[in-house]
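So the chains spell out like this:
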Amino acid sequence: NAGVTQTPKFQVLKTGQSMTLQCAQDMNHEYMSWYRQDPGMGLRLIHYSVGAGITDQGEVPNGYNVSRSTTEDFPLRLLSAAPSQTSVYFCASSYSIEGGGWRSPLHFGNGTRLTVT
Amino acid sequence: KNEVEQSPQNLTAQEGEFITINCSYSVGISALHWLQQHPGGGIVSLFMLSSGKKKHGRLIATINIQEKHSSLHITASHPRDSAVYICAVIAETQGGSEKLVFGKGTKLTVNP
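Which chain is which? The protein sequence lines are A and B, in order.
1 is the number of the first residue of the first sequence in the working numbering; add one for each residue after it.
1 is the number of the first residue of the second sequence in the working numbering; add one for each residue after it.
Careful: at least some of the hints might be erroneous.
[Stated by the list, open to error] No farther apart than 27 angstroms at their CA atoms in a straight line, the calculated lysine-lysine pairs in the DSSO-like style are these:
(1) 68/B / 99/B
(2) 53/B / 99/B
(3) 9/A / 107/B
(4) 53/B / 104/B
(5) 68/B / 107/B
(6) 9/A / 104/B
It should be emphasised that the hints constitute simulated quantities derived from the structure, not laboratory data.
Working from the sequences, and respecting the hints, build out all of it.
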């Protein structure tokens, strides 16, 4: 199993450009989530999904869109990149148990380092 | 004030020492994760616990939900334990749902 795969590993964008960060998992996990990690701050939840067709906002959703058309994929879209979105982005997945998917081990991708100039 | 506080922020130890990393939180939680972030950036889940104690190899995690505190212990530390250790709580929200809130991490360096 590949686990959680994120692409690309690195990306440089100019302000105003759009792009999609890809996240795929092959563990049939119901929960998938996106985080950003900035220096001096903890991981912060951007968006999450509890299953195909269902998404919800996290702590810092502004400027990002998500969709979940399949169990395997959970792409994160930046419609108009801003320098404030320079960060390292992590995708994670987990299986759903009684009480929800946050209570099972989180499986993280290797991250995408995004720079917006 | 952050909802999740970790201490210390940085910790340097000699190989073989017993390590303790603390996590305190100010919100109601149902459970807590300990994660390890390697120097290369990858994040691995170590423990998820809602009560008591869990042990895996040289790692031990404890939690006291009532006292709003959890600890991660590493026995016989080794340079390969050098990493950032992150506490994440499953916090209860007013709406009845749950959210993940992360601490800023503790950077551990173990010298040979």
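Checked hints:
This hinted pair checks out: residue 68/B and residue 99/B have alpha carbons roughly 16 angstroms apart, not beyond 27 angstroms. With a C-alpha separation of about 23 angstroms, the suggested pairing of residue 53/B with residue 99/B holds against the 27 angstroms cut-off. Among the hinted pairs, residue 9/A with residue 107/B is consistent with the structure: their alpha-carbon atoms are about 23 angstroms apart, no more than 27 angstroms. In summary, the hint linking residue 53/B to residue 104/B is supported, as the alpha carbons are separated by about 23 angstroms, within the 27 angstroms threshold.
Pair hint residue 68/B plus residue 107/B holds up; C-alpha atoms about 22 angstroms apart against a cutoff of 27 angstroms. With a CA separation close to 23 angstroms, the supplied pair residue 9/A and residue 104/B stays within the 27 angstroms bound.
In this structure, none of the earlier numbered hints is contradicted; all agree with it.
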